[in-house]
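Fit chains G, U and Z to the given chain E structure using the hints.
Number of protein chains: 4
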Amino acid sequence: MRQKIRMGMIGGGRNAFIGAVHRMAANLDGLIELCCGALSSNPENAKISGRALFLPENRIYGSYEEMIEKERNLPEHERMQFVSIVTPNHKHFEPAMLALSNGFHVLIDKPVAFSLAEAKALQQKVKETGLQLCLTHTYSGYPMVKQAKQMVANGDFGKIRKICVLYPQGWLSESTDDHNKQAAWRTDPSKSGISGCMGDIGTHAAHLAEYISGLKITKLCADLNIVVEGRKLDDDGNILLKFDNGANGILMASQIAAGEENALKISVYGEKGSLEWHQMDPNNLMVRWLDQPMQIYRTGNAYLLDIAKQNTRTPSGHPEGYLEAFANIYKNFALTLNALQNQEKPLPQHLDFPDIEDGVRGMAFIENVVASGKSDLKWHNFEI
Amino acid sequence: MRQKIRMGMIGGGRNAFIGAVHRMAANLDGLIELCCGALSSNPENAKISGRALFLPENRIYGSYEEMIEKERNLPEHERMQFVSIVTPNHKHFEPAMLALSNGFHVLIDKPVAFSLAEAKALQQKVKETGLQLCLTHTYSGYPMVKQAKQMVANGDFGKIRKICVLYPQGWLSESTDDHNKQAAWRTDPSKSGISGCMGDIGTHAAHLAEYISGLKITKLCADLNIVVEGRKLDDDGNILLKFDNGANGILMASQIAAGEENALKISVYGEKGSLEWHQMDPNNLMVRWLDQPMQIYRTGNAYLLDIAKQNTRTPSGHPEGYLEAFANIYKNFALTLNALQNQEKPLPQHLDFPDIEDGVRGMAFIENVVASGKSDLKWHNFEI
Amino acid sequence: MRQKIRMGMIGGGRNAFIGAVHRMAANLDGLIELCCGALSSNPENAKISGRALFLPENRIYGSYEEMIEKERNLPEHERMQFVSIVTPNHKHFEPAMLALSNGFHVLIDKPVAFSLAEAKALQQKVKETGLQLCLTHTYSGYPMVKQAKQMVANGDFGKIRKICVLYPQGWLSESTDDHNKQAAWRTDPSKSGISGCMGDIGTHAAHLAEYISGLKITKLCADLNIVVEGRKLDDDGNILLKFDNGANGILMASQIAAGEENALKISVYGEKGSLEWHQMDPNNLMVRWLDQPMQIYRTGNAYLLDIAKQNTRTPSGHPEGYLEAFANIYKNFALTLNALQNQEKPLPQHLDFPDIEDGVRGMAFIENVVASGKSDLKWHNFEI
Amino acid sequence: MRQKIRMGMIGGGRNAFIGAVHRMAANLDGLIELCCGALSSNPENAKISGRALFLPENRIYGSYEEMIEKERNLPEHERMQFVSIVTPNHKHFEPAMLALSNGFHVLIDKPVAFSLAEAKALQQKVKETGLQLCLTHTYSGYPMVKQAKQMVANGDFGKIRKICVLYPQGWLSESTDDHNKQAAWRTDPSKSGISGCMGDIGTHAAHLAEYISGLKITKLCADLNIVVEGRKLDDDGNILLKFDNGANGILMASQIAAGEENALKISVYGEKGSLEWHQMDPNNLMVRWLDQPMQIYRTGNAYLLDIAKQNTRTPSGHPEGYLEAFANIYKNFALTLNALQNQEKPLPQHLDFPDIEDGVRGMAFIENVVASGKSDLKWHNFEI
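Chains as they are written, first to last, in the UniProt record's numbering: chain E, 1 to 384; chain G, 1 to 384; chain U, 1 to 384; chain Z, 1 to 384.
Just chain E, same shape as in the assembly (with noise of 0.2 Å):
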């Protein structure tokens, strides 16, 4: 690389949760620079946000659509090459479209859009376009998830019989979604979606689960649930699924486990072993065989696999967390822009996150998942 990959970011002022994870994920490893933010719908908050992160007045812009059409006027050089969109959920689809339309490459926090159909329509732009939509399903980028997939796919464990992924949360446990802004939207149909906590969190336990064992769900049979009176999306449930190799499974997803902070964890089992993970205590991959001891396989030693150790910063023993994980995504995509600006090929490793692919499968999770949710029978095929 000659130069920082130059980033604007649309969302994220400030007292915004989600944009300044995703500000300390693109500064960590020094190959991004944020030059330019539409950083609030409020004028008065764009300015003071942009200041904050020492924008130049110049580029700090009072709503994305001034952002894009100034910037694209820029010289190359000096112009943001892709947009980081951290707004809620129902405010993607638009900046998006307008990016790609622009010639910038997105990188937009999950889900991916509002709904399944503006998913598809994002989908047949980036081909359309040729540029690069990434998806921040953030757990994916952990260095010992990488080494339970490839192990997976190297098959260390034979073929997979059995998925197990719980994701409790306990943060809506009471009625306080007025007084919490990041409660408030998620929990607002017109803002979230058709789909709370499935929404939020069942995306990311479904996409940890597909990209581990590299299989795809074809059946899912759902328990949604609306625990805390008064709400309009559901904020719990249990989901049966399977897999498309046969394999059967489960997925929990909960915002009313009170107590529970981000307990995010899940099994794979496969004919001749099994592995574990909790997003908790990330640097662990815990692997049972048959008739060996188990194993406990730690980020950052020299008897993991390439795709482990190109996603690990520190000498082992050195804990790795949610901001690293997170920046293995930022810099991954980072990466893989240098190379096609250097008119190479992106290396496979690089291109390692999560895509429009991912967001249009996470899209049909979440409407296959009500669509089963409101039905008597037991088995829903899942559809796209």
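Source of the hints: derived by calculation from the structure; they are not laboratory data. The structure displayed is predicted, hence computed values, not measured ones. Do not rely on the hints blindly, as some may be mistaken.
Identical copies look the same in the list; a pair holds intra-copy or inter-copy alike.
Restricting the straight-line Cα-Cα distance to at most 25 Å, the calculated cross-link-like pairs of lysine-lysine (PhoX-like) are [claimed, not checked]:
id	residue 1	residue 2
1	181	272
2	374	219
3	232	374
4	216	265
5	374	125
6	91	120
7	345	125
8	127	374
9	120	219
10	181	309
11	70	272
12	91	191
13	219	159
14	242	120
Relative to the frame of chain E, chains G, U and Z by itself:
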């Protein structure tokens, strides 16, 4: 107690697994004496087994019928007081009925019978005779499970909203059933009944969920699987649950979860907090609150509730395990029988062992799960 | 075995802690029968205690002298075969000597005596009589400790270079000794001996380090502390160690580590790898290698070494605990006595219990530690 | 802040380990800009390294002398504000002195210098210039370490009685020093100083113990070892400690603990309870009380003290790690420099980074430990 309680054992000869566990559990506290046995249907094996247990020759019987016949004719202070039935499922009902009919209390390894019909007949017989029937759902014997149950009953967590109980085992991951005596009968419908995995361990999971929560399953949606080719009974399954207070849940039980040992674990979520317990780490009860640090309640400490203390034998930091949990069931049963022989009212804490009501629910669980597994409809009403 | 091995107990009446533990350990496998007792120096208490244990009236004795005298005059197939001495330290020596002198084997709770001189006299007596003396250093009874010992002996870790053994307890954090019977004698030099904490638990830690490593302590540097004001004996200490192969080590034992239960843990480091074991999580043996994923060896699995399997009662995933470890010592001792009475050579795996040699080393440990604690010089040679 | 704080780096060229860590830590929060560097003493390497970091050609310097000379002549709003010194120990002192002499603040990787004399000279220079010197004792940057420190300071545990700090690593288990650049200089007395293991990681352990407890080491008794043949510096050691309030302790540090990664852990025992923290599981702070269930305080929760919250970036359940802890030091240092340039008083929470006083104590620790190691006397007074 003036004398040890006298036990006769049915089944449990040499090489039987669970019989030896029952004897260690009965031995531990020195309250019970094995006085006779019909340890095997093979007379030679019965003899050898009885001698190895130091039984007097005249009380090593060739069949349970002989044992019950001869023992009832012994003087009251000498004859056995209860039978412990540790045979495979299809051989529970007849000896239990005969023992009850002849005035002997009964302890049976779970599940209580081969079918719901048998269980109901036993229930009727227990009612008629006024005798005690104890069922060894071991996991409810752990002190921290009792602590959990009582904390829920005390309302510490508010209304219970969700229960996740997972029971992965890996010992039937391969088709080696013929070579393994334990596996052989459990996978044979003529000995095990209409379910394999759900009958063997799913019933434990369901009992644990109902025991801790004080709730009853009212609806379920089961996905039962035969994963290892050639088996005739389910070796794996996933179930969605509804409970009588509106709570939802999931129950997973599998015997093909390669690499797992006996990893029963449960999470119970209430409005104010939640608890988590793992059978393989049984002296820790993890308790999480909405706004307080997570707590770990540990066996043997002064801060525990009485019911936990009454089922503990050593000071904190001295790990108690599976055999101690099993022994708690035997001990409470023995203390109940002692009270009855003294014409006293058994203490509530001594009546805290699984009984014929639990046995009937367990058999109903099996039958409802199997029916749901065959149904195309999502929800199946739990019926007894 | 044709008959159970017959045990007489000295001490261990009502309200005694360790006596009940010994009885449960002796009961568990059904190989040992408590046939008589001198359970208390208070005759009333002795009677009540004996009846509660279902002893026949004529074998509830008022003193150990009476017991030994009367028992030796009983027919051989009826009289006790060994005494179990569970009194405080200052009351170990005399009954042990008398029992040995009268042809009874002896089992003693640790430390074996009140002083090194007593221990050596016992050692001499054992040699003369050819009888067995068993010492209950419980922690060496755990199956994963035996696995660890054998892996070290097999050279799996190469030469051992370093041992860290920590034994924090918190139960004497406050000056409540008068109210607690267990605390009272342990902090009283006339009953406990010249050391408090190091005698009570430091000896366990030292025994565990030597047992697993197969090494002997040759030099030490002790910092003994009386932390709670008014105590007369150490309640805390830290020790630097050298072993006979040149390895170094640390041993920490404390009874004022507020909040700790019984948190004995050990790490043994060799050239090629290391092991770690925690008494409070006893079924896991953590094994680390230079270039391989960490392994966890777990009780009850087929991959374990014979010595671990021989000391395990249940399948993997069924946690075994402190009482099972204690029972392993009783079981191996009983099987040794059985071989001897059959004039057979005891099997090596049955002789795997701590004996008078360990008892002498334990008392020497106490005396050397106390001497080092008083010295201004860094290193003190371990002398017996 | 109006502008990012500008940093010049000394050392940290390609293939250096710790330089990259410093840059990621400096990048994370977007408050610091790497504006120039003297990244290698090899000019070719310096150039290549500088370009890889996107430095402008004219600010890639061939030596730190050149960098300091040229930067001080740049306009104030452009020139670097502090130097980050990430060279081996023997190359800390001269650049630090030169930077301070020319008005630049200094950040140094630990230990602060090659000898105590150098450290004292730096201390004197800091006093004279009024500039800031920050030392990267990373482990005190973790939020749960800060929580621990503040709970101790608040008196939650009463008087502190005992501290155990263990720091086992295994990466120098074999004599491969020549092939490993990191190992090579650390085991070379001409580059590392008079101690290997104790200088490299023992200082971290000692700093952590003093940081959390608020106590100072007053006496020590050290056993330093060269375990791998042929080494010239200690690669292992065990130390007995006394603190200024009378508390005792142990400190173990080893680089030959085969299989261990970076397993720094500490227990601090007070009259009323105790805490335990493991660097490899940094988001959990285990807290034990005399009569209450154990608690686990976890990063990111509302119940934590302010100082922990101020050093956390993500919500609970999103693990933070080593780089975030490291970044806390950089962030607090940058916020302090920002206050100073605005002629404001730095906030106490921003001054919470290790400084030259810690650096002097660290060097004194090394010299006292080495002196004690050579002494035949048990106790050596800690002298500065």
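Structure-based check of all given hints:
no.: 1; hint: 181 <-> 272; verdict: between (46 Å within a copy, 22 Å between copies)
no.: 2; hint: 374 <-> 219; verdict: both (15 Å within a copy, 16 Å between copies)
no.: 3; hint: 232 <-> 374; verdict: within (14 Å within a copy, 33 Å between copies)
no.: 4; hint: 216 <-> 265; verdict: within (18 Å within a copy, 27 Å between copies)
no.: 5; hint: 374 <-> 125; verdict: neither (32 Å within a copy, 44 Å between copies)
no.: 6; hint: 91 <-> 120; verdict: within (16 Å within a copy, 58 Å between copies)
no.: 7; hint: 345 <-> 125; verdict: within (21 Å within a copy, 54 Å between copies)
no.: 8; hint: 127 <-> 374; verdict: neither (34 Å within a copy, 44 Å between copies)
no.: 9; hint: 120 <-> 219; verdict: within (21 Å within a copy, 37 Å between copies)
no.: 10; hint: 181 <-> 309; verdict: between (37 Å within a copy, 19 Å between copies)
no.: 11; hint: 70 <-> 272; verdict: neither (57 Å within a copy, 51 Å between copies)
no.: 12; hint: 91 <-> 191; verdict: within (8 Å within a copy, 57 Å between copies)
no.: 13; hint: 219 <-> 159; verdict: within (19 Å within a copy, 33 Å between copies)
no.: 14; hint: 242 <-> 120; verdict: within (24 Å within a copy, 36 Å between copies)
Comparing the model with each numbered hint stated earlier shows that hints 5, 8, 11 do not hold.
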